[in-house]
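When you get a sec, could you build the whole thing from the sequences and use the hints?
There are 2 protein chains.
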Amino acid sequence: MSKFKLDHTHEAARLSWVESANVSDCQFPIQNLPFCRFVRTGQVCVGVGIGDFVFDLTGAAQRKLVDVPGLSVGQLTQIGAGSTELRHVIFAGLEDGGGWASHSDLLYPQDSVEFLLPFEVGDYTDFYASIHHATRVGSMFRPDNPLLPNYKHIPIAYHGRSSTVVVSGSDVHRPSGQLKGDQDALPAFGPCKLLDYELELGLWVGQSTQSGQSLSVAESAQAYLGVGLLNDWSARDIQKWEYQPLGPFLAKNFATSVSPWVITLEALAPFRLPANLRGTQDPPVLDYLLDAVDQSNGLWDIQLEVLLSSAAMRAAGTEPYQVSTSNAKELYWTPAQMLAHHSSNGCRMRAGDLLASGTISGPAIESAGCLLERTWVGPEQPRRPVQISNQETRIFLQDGDCVCIKGRCQRDGFRSLGFGQCQGTIFAGKVRH
Amino acid sequence: MSKFKLDHTHEAARLSWVESANVSDCQFPIQNLPFCRFVRTGQVCVGVGIGDFVFDLTGAAQRKLVDVPGLSVGQLTQIGAGSTELRHVIFAGLEDGGGWASHSDLLYPQDSVEFLLPFEVGDYTDFYASIHHATRVGSMFRPDNPLLPNYKHIPIAYHGRSSTVVVSGSDVHRPSGQLKGDQDALPAFGPCKLLDYELELGLWVGQSTQSGQSLSVAESAQAYLGVGLLNDWSARDIQKWEYQPLGPFLAKNFATSVSPWVITLEALAPFRLPANLRGTQDPPVLDYLLDAVDQSNGLWDIQLEVLLSSAAMRAAGTEPYQVSTSNAKELYWTPAQMLAHHSSNGCRMRAGDLLASGTISGPAIESAGCLLERTWVGPEQPRRPVQISNQETRIFLQDGDCVCIKGRCQRDGFRSLGFGQCQGTIFAGKVRH
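Top line first, the protein sequences correspond to chains A and B.
The numbering used here applies: residue 1 is where the first sequence begins, and numbers increase by one.
The numbering used here applies: residue 1 is where the second sequence begins, and numbers increase by one.
Heads up, a few of these hints could be off.
With a Cα cut of at most 35 Å, we get these calculated DSBU-like pairs of lysine-lysine [claimed, not checked]:
| # | chain 1 | residue 1 | chain 2 | residue 2 |
| --- | --- | --- | --- | --- |
| 1 | A | Lys-152 | A | Lys-193 |
| 2 | B | Lys-240 | A | Lys-180 |
| 3 | A | Lys-152 | B | Lys-240 |
| 4 | B | Lys-193 | B | Lys-406 |
| 5 | B | Lys-180 | B | Lys-152 |
| 6 | B | Lys-329 | A | Lys-240 |
| 7 | A | Lys-180 | B | Lys-329 |
| 8 | A | Lys-193 | A | Lys-180 |
| 9 | A | Lys-5 | A | Lys-329 |
| 10 | A | Lys-406 | A | Lys-5 |
| 11 | B | Lys-329 | B | Lys-193 |
| 12 | A | Lys-406 | A | Lys-193 |
| 13 | A | Lys-329 | B | Lys-180 |
| 14 | A | Lys-406 | A | Lys-329 |
| 15 | A | Lys-240 | A | Lys-152 |
| 16 | B | Lys-240 | A | Lys-240 |
| 17 | B | Lys-193 | A | Lys-152 |
| 18 | B | Lys-152 | B | Lys-329 |
| 19 | B | Lys-152 | A | Lys-193 |
| 20 | B | Lys-5 | B | Lys-64 |
| 21 | B | Lys-180 | B | Lys-193 |
| 22 | A | Lys-152 | A | Lys-406 |
| 23 | B | Lys-193 | A | Lys-240 |
| 24 | B | Lys-180 | A | Lys-240 |
| 25 | B | Lys-152 | A | Lys-180 |
| 26 | B | Lys-240 | B | Lys-406 |
| 27 | A | Lys-152 | B | Lys-180 |
| 28 | B | Lys-240 | A | Lys-193 |
| 29 | B | Lys-152 | A | Lys-240 |
| 30 | B | Lys-406 | B | Lys-329 |
| 31 | B | Lys-240 | B | Lys-329 |
| 32 | B | Lys-152 | B | Lys-406 |
| 33 | A | Lys-329 | B | Lys-240 |
Label pairs and their computed distance ranges (CB to CB) [said to hold, decoys possible]:
| # | chain 1 | residue 1 | chain 2 | residue 2 | range |
| --- | --- | --- | --- | --- | --- |
| 34 | B | Glu-120 | A | Arg-14 | 35 to 45 Å |
| 35 | A | Asp-282 | B | Pro-382 | 34 to 44 Å |
| 36 | B | Glu-120 | A | Leu-186 | 35 to 45 Å |
| 37 | A | Ala-428 | B | Arg-350 | 20 to 30 Å |
Just so you know, these hints were derived from the structure itself, not from any lab.
Only a predicted model underlies this, so the values are computations on that prediction, with no experimental measurement involved.
Don't be surprised by glycine CBs; every beta carbon is placed ideally from N, CA and C.
As structure tokens, then:
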């Protein structure tokens, strides 16, 4: 069953018996129904977001309201290809007049539960799929030739670290590492001075493959369970000194934050970027990355923003500063192309694997998805600080800074969906030496 | 308790009631006692190698012969810091006259069991710790300046893929991918033509850390459970086109083979390279990588060899060709330095994480740990094929080729130890497109 097809679950007029889901600017109307995992009295549960609540799907499975493998033991890994049917069951249960109204004891206020990662991450892979990001970062090192020759042929990626993927709300320590300025004769060890965020989408693989098996673009488009927000925290000074010749390592692997919600492919179906708004991939991509449907609607229109607040701002009750706005439609490579490429050599995928888009930057400086870009003016010029409050500016992140990523889908004739948030606060590292 | 200390378990005169362990060239005398995991009647078990047998430690735990967390459920992740005490218990049980002689029904011939990975790998990290490898590969791209400026300061590494780490004996498919020769205007997709092995050590982390916690070199030296053999299969043509700017990805992540045996730090204690045979690290390393004990004995003297046989050679009964010999003492960075560096930014480690040394090459061409080096003569010169039999030569691997890595420790006055083998055979990829 296609996860892209519009059906009754996308109709804007449908309401839920959970009243808060029907409020106009609610992030989680019944048309959304994102998955999450949380802890209830010591037990790991799967939940679904509805209004201001989490509905406990593990409890529902234990009551035989839903019969999908894994839910009763708090796992999303066994849904496999059954996500569309599961959405229909949940929708029917939570819809106004639906049969689960008599199970309202399975509703928990979202602000009362401890969220977990949606999956125990098997492998985490970070792509580099925004051409605006790649071009702007490339121009810092190669002004005359910013984009490498392989960029428009290969969805470039590297492996990240799964042990340090953490759920939104987890504090993030400032890493220490080897630092060496251009003028320094030798490196020194100390706390990172150029700490940055990266605005990304997290793509959750929902189906497993065998070693040696590859997925076509069309298969890949269906193989995700859904999408969340992701912050690929980055230590730019560590990165600069360590990354040759094998790529980023300690500069990235101290923490990666993800939002707790998996916004399903089904919920995102109305928000695929229309073909007439999509640029073409030129030069044409190789056949294994080429799919007519994917070329026409392989990206989503997801509005993204990064909010930054200092400890002083929070103490003073000052609103967070919107440091960047961007959109998932800015990606050069589609999520389906990323997964097709990843599996093209027969690399085994496991349900719960996490792919990230790479920093999602647009062409304008205000849409730059990281401070490395956001405060860069040009070669040989000093960085331009961002004014985050009347009192404070930032070039890179300070201890106490809180970075919060939000996402939203909007389209005339459809209910708007929210992604929740991906948030983390920096504290001084407590690394022993 | 130090894992480096010599005690009665290292005395050469000690024998086992398992007769085959007492044969002079046996790989698994009672002084070795490597861990493994295997399947017995559908159950995952921890075992220990002794002579030609695996002794079933999970069965022993179920009979209360040994009381260490995790063994009874077939896991090595919970031994933690208790490995030395466990070794003493096993040694006493398996020694000539030891109490486990009446449990000989727990012995299984090694050739009768199905081996598993020693751990379910959490994260896999591949280092680049042989300076001979880094120099020789670097000289292919930068003849005048082969070693990058960071090499002698940072133990360079990148993240690998944990889903495709497989145990010795697993066949390995030839990956497909984007290939682009220097003369080609555009890349094409097809089977890798330059398939290679890489001779490495696999280092198994035995203890977990918290996020934000770092390990000193001295702590790192004790934090491994032990060591195995590892083949980091590599597609050189895929690697060349994809690796800029974020490092190797599909060129490496289709398969990584490891031997089933974890040779413990305790067993390796007599085989630490004497200080007088160890080169100094010059320039001196930063304090967080510097430890006097590690500088004097942080490497092991492990003899390594790579055997190559074609399908035709095996059909004809021809012995495998010894294509490389090397030694773990050729590493520039010690295993303790690798782990100290890895955790220096607070990156969380989990028991069962796998670190690999990187290709272990010596200075001589016969000690080159991969074909990329082994068949390279110099810049602008055609590669020199290796004659693997009277009929066949190799520049890179062909379908049907079997690569087998072996390891051996020897020292006067001590029993010699073997590492078993890490073996894999290439078959034509069955990647669909």
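Results for each hint:
With a C-alpha separation of about 33 Å, the suggested pairing of Lys-152/A with Lys-193/A holds against the 35 Å cut-off. For the hint linking Lys-240/B to Lys-180/A, the alpha-carbon distance of about 28 Å falls within 35 Å, and the restraint holds. A C-alpha spacing of about 16 Å is found between Lys-152/A and Lys-240/B, which places the hinted pair at or below 35 Å, so the restraint holds. The suggested pairing of Lys-193/B with Lys-406/B holds, with an alpha-carbon distance near 26 Å, which does not exceed 35 Å.
A C-alpha spacing of about 32 Å is found between Lys-180/B and Lys-152/B, which places the hinted pair at or below 35 Å, so the restraint holds. Note on Lys-329/B and Lys-240/A: the hinted pairing holds, with a Cα-Cα distance of about 30 Å set against a maximum of 35 Å. For the hint pairing Lys-180/A with Lys-329/B, the CA-to-CA distance comes to about 29 Å; that is within 35 Å, so the pair holds. For the suggested pair Lys-193/A and Lys-180/A, the alpha carbons sit about 11 Å apart, so the restraint of at most 35 Å is met.
Between Lys-5/A and Lys-329/A the alpha-carbon distance is near 20 Å, which keeps this suggested pair within the 35 Å criterion. A distance of roughly 26 Å separates the Cα atoms of Lys-406/A and Lys-5/A; the hinted pair therefore holds under the 35 Å criterion. About 32 Å separates the Cα atoms of Lys-329/B and Lys-193/B, which keeps this hinted pair within 35 Å; it holds. Note on Lys-406/A and Lys-193/A: the hinted pairing holds, with a Cα-Cα distance of about 26 Å set against a maximum of 35 Å.
Of the supplied pair hints, the one linking Lys-329/A and Lys-180/B holds, its CA atoms being roughly 29 Å apart against a limit of 35 Å. Between Lys-406/A and Lys-329/A, the direct Cα distance comes to roughly 15 Å. Compliance with the 35 Å bound is thereby established for this hinted pair. Under the criterion of a C-alpha separation no larger than 35 Å, the hint pairing Lys-240/A with Lys-152/A is consistent with the structure, at around 24 Å. Pair hint Lys-240/B plus Lys-240/A holds up; C-alpha atoms about 21 Å apart against a cutoff of 35 Å.
For the hint pairing Lys-193/B with Lys-152/A, the CA-to-CA distance comes to about 23 Å; that is within 35 Å, so the pair holds. For the given pair, Lys-152/B sits about 16 Å from Lys-329/B by alpha-carbon distance, which is consistent with the 35 Å threshold. Between Lys-152/B and Lys-193/A the alpha-carbon distance is near 23 Å, which keeps this suggested pair within the 35 Å criterion. Of the pairs offered as hints, the one joining Lys-5/B and Lys-64/B holds, with about 28 Å between alpha carbons and a cut-off of 35 Å not exceeded.
For a cut-off of 35 Å, the pair hint linking Lys-180/B to Lys-193/B stands: about 11 Å separates their Cα positions. Restraint check for Lys-152/A and Lys-406/A: satisfied, since their Cα atoms lie roughly 28 Å apart, inside the 35 Å limit. At roughly 33 Å between alpha-carbon atoms, Lys-193/B and Lys-240/A fall within 35 Å of each other, so this suggested pair holds. For the hint pairing Lys-180/B with Lys-240/A, the CA-to-CA distance comes to about 28 Å; that is within 35 Å, so the pair holds.
For the given pair, Lys-152/B sits about 14 Å from Lys-180/A by alpha-carbon distance, which is consistent with the 35 Å threshold. This hinted pair checks out: Lys-240/B and Lys-406/B have alpha carbons roughly 29 Å apart, not beyond 35 Å. About 14 Å separates the Cα atoms of Lys-152/A and Lys-180/B, which keeps this hinted pair within 35 Å; it holds. Proposed proximity of Lys-240/B and Lys-193/A is supported: the alpha carbons are some 33 Å apart, at most 35 Å.
The straight-line distance between the Cα atoms of Lys-152/B and Lys-240/A is roughly 16 Å, inside the 35 Å bound, and the hint therefore holds. Our distance criterion of 35 Å between C-alpha atoms is met by Lys-406/B and Lys-329/B, whose separation comes to about 15 Å. With a CA separation close to 29 Å, the supplied pair Lys-240/B and Lys-329/B stays within the 35 Å bound. At most 35 Å may separate the alpha-carbon atoms for a hinted pair to count; Lys-152/B and Lys-406/B meet this at roughly 28 Å.
For a cut-off of 35 Å, the pair hint linking Lys-329/A to Lys-240/B stands: about 30 Å separates their Cα positions. With their beta carbons about 43 Å apart, Glu-120/B and Arg-14/A fall inside the hinted range of 35 to 45 Å. In this structure the supplied range 34 to 44 Å holds for Asp-282/A paired with Pro-382/B, their Cβ-Cβ distance being about 37 Å. A C-beta distance of roughly 40 Å is found between Glu-120/B and Leu-186/A, which places it inside the suggested range of 35 to 45 Å.
A C-beta distance of roughly 24 Å is found between Ala-428/A and Arg-350/B, which places it inside the suggested range of 20 to 30 Å.
When each numbered hint is compared with the structure, no violation occurs for any of them.
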